[in-house]
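So you can see what is in the structure, the chains are spelled out below.
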Amino acid sequence: MPETKKDIINELQKNILAWQGFKSPVTGANELVGLGPVEAAFPNGIFPTGAIHEFLNEKPEHAAASGGFITGLLAPLMQQGRPCLWVGVSRTIFPPSLKVFGVEPHRIIFIDLKREKDVLWATEEALKCEGLAAVIAEVKEINLTASRRLQLAVEKSRVTGFILRNDIKKLSVTACIARWKITPLPSELEKGMPGVGFPRWDVELLKVRNGNPGKWKMEWSAGKFTSIIEPAAEKVLSHQRRKAG
Amino acid sequence: MHKRFITLWFHHLITDWQIIRKPALKEIPFVFAAPDHGRMMITSTHTEAEAQGITVGMRVADAKAIVYDLEVFDDKPGRNLKLLKGLGEWCIRYTPIIAIDAPDGLILDISGCAHLWGGEEAYLKEIVTRLQSKGYAVQAAMADTIGAAWAISRFGKTSPFVPNGEQATALLALPPIALRLEPAILSRLHKLGLYQISSFMGMPRSVLRRRFGEGLLLRLAQALGKEDEPIKPLQPIQPYEERLPCLEPIRTATAIEIAINRLLENICKRLQQEGKGVRMAVLKCYRIDGKILQVDIGTNRATHSIPHLFKLFELKIASIEPALGIELFILTASKVEDVPLLQEALWAGKPGLDDLAVVELLDRIAGKVGADKIHRYLPDEHYWPERSIKLAQSILEKPAITWRTDRPRPTQLLARPERIEVTAPIPDYPPMLFIYQSTRHPIKKADGPERIEREWWLEAGEHRDYYVVEDELGQRYWLFRSGHYTGDQSNQWFIHGFFA
Numbered sequence: 004m005p006e007t008k009k010d011i012i013n014e015l016q017k018n019i020l021a022w023q024g025f026k027s028p029v030t031g032a033n034e035l036v037g038l039g040p041v042e043a044a045f046p047n048g049i050f051p052t053g054a055i056h057e058f059l060n061e062k063p064e065h066a067a068a069s070g071g072f073i074t075g076l077l078a079p080l081m082q083q084g085r086p087c088l089w090v091g092v093s094r095t096i097f098p099p100s101l102k103v104f105g106v107e108p109h110r111i112i113f114i115d116l117k118r119e120k121d122v123l124w125a126t127e128e129a130l131k132c133e134g135l136a137a138v139i140a141e142v143k144e145i146n147l148t149a150s151r152r153l154q155l156a157v158e159k160s161r162v163t164g165f166i167l168r169n170d171i172k173k174l175s176v177t178a179c180i181a182r183w184k185i186t187p188l189p190s191e192l193e194k195g196m197p198g199v200g201f202p203r204w205d206v207e208l209l210k211v212r213n214g215n216p217g218k219w220k221m222e223w224s225a226g227k228f229t230s231i232i233e234p235a236a237e238k239v240l241s242h243q244r245r246k247a248g
Numbered sequence: 007m008h009k010r011f012i013t014l015w016f017h018h019l020i021t022d023w024q025i026i027r028k029p030a031l032k033e034i035p036f037v038f039a040a041p042d043h044g045r046m047m048i049t050s051t052h053t054e055a056e057a058q059g060i061t062v063g064m065r066v067a068d069a070k071a072i073v074y075d076l077e078v079f080d081d082k083p084g085r086n087l088k089l090l091k092g093l094g095e096w097c098i099r100y101t102p103i104i105a106i107d108a109p110d111g112l113i114l115d116i117s118g119c120a121h122l123w124g125g126e127e128a129y130l131k132e133i134v135t136r137l138q139s140k141g142y143a144v145q146a147a148m149a150d151t152i153g154a155a156w157a158i159s160r161f162g163k164t165s166p167f168v169p170n171g172e173q174a175t176a177l178l179a180l181p182p183i184a185l186r187l188e189p190a191i192l193s194r195l196h197k198l199g200l201y202q203i204s205s206f207m208g209m210p211r212s213v214l215r216r217r218f219g220e221g222l223l224l225r226l227a228q229a230l231g232k233e234d235e236p237i238k239p240l241q242p243i244q245p246y247e248e249r250l251p252c253l254e255p256i257r258t259a260t261a262i263e264i265a266i267n268r269l270l271e272n273i274c275k276r277l278q279q280e281g282k283g284v285r286m287a288v289l290k291c292y293r294i295d296g297k298i299l300q301v302d303i304g305t306n307r308a309t310h311s312i313p314h315l316f317k318l319f320e321l322k323i324a325s326i327e328p329a330l331g332i333e334l335f336i337l338t339a340s341k342v343e344d345v346p347l348l349q350e351a352l353w354a355g356k357p358g359l360d361d362l363a364v365v366e367l368l369d370r371i372a373g374k375v376g377a378d379k380i381h382r383y384l385p386d387e388h389y390w391p392e393r394s395i396k397l398a399q400s401i402l403e404k405p406a407i408t409w410r411t412d413r414p415r416p417t418q419l420l421a422r423p424e425r426i427e428v429t430a431p432i433p434d435y436p437p438m439l440f441i442y443q444s445t446r447h448p449i450k451k452a453d454g455p456e457r458i459e460r461e462w463w464l465e466a467g468e469h470r471d472y473y474v475v476e477d478e479l480g481q482r483y484w485l486f487r488s489g490h491y492t493g494d495q496s497n498q499w500f501i502h503g504f505f506a
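Taken in sequence, the protein lines are chains A and B.
Just so we're aligned, residue 4 is where the first sequence starts under the working numbering, counting upward by one.
Just so we're aligned, residue 7 is where the second sequence starts under the working numbering, counting upward by one.
Everything labelled a hint here was simulated from the structure, so no lab data went into it.
Please note that a few of the clues may not be correct.
Stated by the list, open to error - Heads up, simulated DSS-like pairs for lysine-lysine below, C-alpha to C-alpha not over 25 Å straight-line:
(1) K210/A - K159/A
(2) K290/B - K322/B
(3) K396/B - K117/A
(4) K102/A - K379/B
(5) K322/B - K117/A
(6) K62/A - K120/A
(7) K120/A - K317/B
(8) K450/B - K220/A
(9) K194/A - K450/B
(10) K379/B - K143/A
(11) K143/A - K120/A
(12) K379/B - K120/A
(13) K194/A - K220/A
(14) K140/B - K28/B
(15) K173/A - K143/A
(16) K131/A - K322/B
(17) K117/A - K379/B
To be verified - According to the in silico footprint, chain B covers these stretches of chain A (three or more CB under 8 Å from chain B):
(18) 93-100
(19) 118-130
What the hints assert, rightly or not - Okay, the calculated beta carbon distance ranges per label pair:
(20) G376/B - V176/A: 29 to 35 Å
(21) L155/A - G376/B: 26 to 32 Å
(22) G217/A - L299/B: 55 to 61 Å
(23) K218/A - L464/B: 44 to 50 Å
(24) K62/A - Q279/B: 58 to 64 Å
(25) L439/B - L174/A: 30 to 36 Å
Keep in mind that this is a model prediction, so the values were computed, not measured.
Think of the CB as a built atom: it goes at the ideal place given N, C-alpha and C, for glycine as much as any other residue.
One chain only, chain B, in its complex shape (with noise of 0.2 Å):
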């Protein structure tokens, strides 16, 4: 069978990416810009900047003494191949086989395609207007070759058909830098006055060779159809997914147990095989009166173990509601992650906080109570007290820093700073006595004042004087004054914890 091929050139992608995100930025000239050599170089424009004479390649400096209001984003390298791999994973309705073609076009090898489109007209239509729908701003050319495609879709001026076996003579009349030629061979060709294809394709072959290398042999013979051209076609990720459909419906928990089980045993064989491990799933039960009932799991860390993951829905079966009966189970992985490969132990390694037994406990009591009830607290560069320790993202985190012990700090820490009443003889002392809760306290020993100034950066307020306190019956206190003593103001004391 021939090969036929379809070349999409998206010829402001970026900008009409932007446009489909904001589209208040339709009708305003735009850029996205890179820096490059210290300046700020333009590598994307649309076609309202365009016609302002700002092309791609020029300084962003420049741009803006023909349009001073010229909008600049910065781009990001490698953007472009993610937004065409997005696109060419949508197209993947319309052929298997799609590559891209960097930095902006997509290759669609559709040999054996377009008659399930009603022909090759309704079908490039049919993808042309799909995409301009979305929002981009599209060419497209249908070829027997690749080259021959992509030259007629950036430089065709008539249609974008290329009947079979005649791209030769679509490709006459265009310039060689259709043939997608290095820069060095376009100029020599440009210097000899060869402005077409026309012009040398019917020389010598070794006169072309010995004048501009095999470079542009090669792509005439790929636009011609005389050689081939490999492509390396998108591979999607399969979602992670597994589908039990039963016979009789099932209205029983342990029937339930049963076909999450099964559904694991496949769905992990596959993730044990690509070395991957479940971070969150979810579980879908199609009830006989259409309603969908689902549980989802996360887990701390990534694993295929079947019976770790059935501990985990086993928690949310009893959620789960039957009524007339299930009659379709759907499992999905939604978030997967590499799984380390273990070295098996011969001897229990160390003991941890990575430790497998620890990791699926929390995974239990997350499944049951919320992953955000578990806390683990690492130290912070904050000195005031409340900012100390920040929480940890993960259960492998270390501190980067070591715990500060110069400081006292209490065992029990007030969530607020309760207010209470003081007398202290002199200003900048330790109270003589505070009431706390209807209490009366009469310090015997006391140690400070340890001032923390409030974090102005970060919120606005008084300093804090901290005092350790001793009473008579050697209960410890963190009490503090907030601000400066004042004289009359005895209501400015605060407790803020308690010392072992």
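This is chain A alone, in the form it adopts within the complex (with noise of 0.2 Å):
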């Protein structure tokens, strides 16, 4: 009886999903963008393609993070060619430095507006336009409304979106899929080696759809994501801290 129940309860969250624009895996259609440990936090344990991804960032080295974490979920979803479009109103990400995660600065359109309302309007038009990978736009702030409509425009075309909020300020409910959170965390070399070391991130999930939000910590390091595993890592810094003591 009790399974019954939860075969009921199972199916019921698979409905629920379905209604709420998700679509269910097809068995080896996974789009793996390589998140490990991250992506089981999503509905289905997938990470979610064709949906609005929104991201806070409060500093702009927070937003260099962001931009480096996204550069690095785009390659794969590139990779079958399809060019990528990064709309904003003041953009200060270098193309060449792309290159490191994977992507092809060349491949990413850049549109450079003036006002903000225009960059709504960009990212909804690109965001129905089935040839396109993603579109990353930078916002200051965006309303449910206006959420909603960029949410609407991807569940036709499964374009991937990404939103960059650069003013967390005036955090509003909006309708994205995830929030995350990207912030650094200091490199970890080899032990007695000078210099700096892979990008390194905080990677903080405050919002699932439907998922389990989280915080893991990312490496970025030979071409693709590696989740540093929290004991390992407090191991070497408790032996540092005796060190230093």
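Build the complex: two chains, separate frames, hints provided.
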């Protein structure tokens, strides 16, 4: 009897997902973005493409981290040859750096606008275009209505949208599928080696629709995301502290 | 109806064109020259230079020995044909059939045209004076055959008119060169003492053929009108333009949409037949109150797709203010290019930058916010960070070199490096801490320096020593010191970017 109840709940959950615009995964068609344990936080255990993701950036340092992280996600999305659009008002992303994250910078089209209103218009138009792999929009604020429009646009075209919010003081509810916060972490090198190591971030999933929010440590090395297991890092830290003490 | 021809001879075509462009040259002797077998040969002169004894075919060095301050311009092959084509198209106002007579003449078939201009004399005078007032020295002649008109325009001494059927008499006194003969035949005629056409015109044809070949006979027959001479008339391109007059003045957006659709249908039909597509188009709306409203669109790729072009215009309809009403619409495709023929794909092709959906999206964005807002970057061969990328000229341009990844480059680059306060222990060492926007950043890890020299052939200034640094929070920055370490100056450090 309890099993049937569980089955019913599972069935209902699946239905809810379908109604909310999630497509059930097709076996063999999994688009792996290589996020490892982070992907398990999403419904069905798959990073949702064809949805809107939101990234919060407090400082330019965070914007740089988010930029790197998103570019890392873009690489597998753009594999089929489709280009990508980057819309914003005051863009500071430096195209040559994207190559490190596996994206050909010349396949990204930048649209540098003057008004916030135009950014939302261009983003919506772009999200409707099936020839694109992804659209990245840098906006100051976005309200529920605007984000809902974007969500409706992607549901049809299956383009992935990334919204970078650089002003988090005016945080409002949005229809985005996930809310991320990427902050830089000190890089680790092999003991005794000088210099700066691979980019390392604190990946925080603040909100996931129908998923489980969480916090992970990720590193970008050898052209892919590597998750850093907490205890190991802890051990190294304590080791250092002991040495320092 | 019997034929009449005018030939025009522009004896200083290229130099006249140059004087029209630069009137100051009128008083100065100048020539055009082109390289030939390792030396510069004069290809065209003008009156001023000719008066000093400089002729076409002279070497520039020799000419300079005669006139030391001679100005020499480079000649471009094919320039005369381009000029003649332009002049020929202009002359279409006088007759519909015009041919280029390389290298420096035009042939006008004026059969049945002259009376419209008040007789042959007035007609010829009109053409010559109009061309002369433009600045071209021109000699013209009118005859029943091209050959006769050609001969009289170049070598005629008296009247430029050859009356009907009298080309034989007009040619009698002219030298054989007036028959457009080949140099070999000319020299043979000269050797035999035949200095005038009259001396050999009466000779039996068999004799002429044996001695001088078929060429002479043909030219003679053409000049006398016994043989037809085919010409290749210029075909001017009809402008891609459609008009839509309205019976009732139009005042609503829906009506404007219908009008645009109808115009596009007509223009796209023609474009499709000719395999062309629109790159730029202008819609002019003539309002009842005499004002003309204009909207223009541009596309990234030549297209003759009606829905796409309509979408581009649709974005602009709001800016058309009909006021009392619009009575006439004119749609002009101001820039037209060939459309590559597409084979219909059984499966959707490989997606990419030239995907139709993407190109159409960019057109729409360009139509609304302007094409200058859309950027795509390609790598450029410079180490200087600001110059290491260049804008792509077109959507299909591929990078000529690969993107470099051997040096660290920040994810975010400040448009302009910002000054920071630093504490650096010893010269050529990364700083211990820096203050940026009144926040202290103690540095834990650092890489560098990477010295990037300023490209002195482009701009002057100090070199930069770049360091990648990481502060205690793990935030990574790109700092540089401008120039060498000079001891007391601590204010020459800058922040230029943020790493991921």
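Hints the structure fails to honour: Of the numbered hints given earlier, the structure breaks none, since each of them holds.
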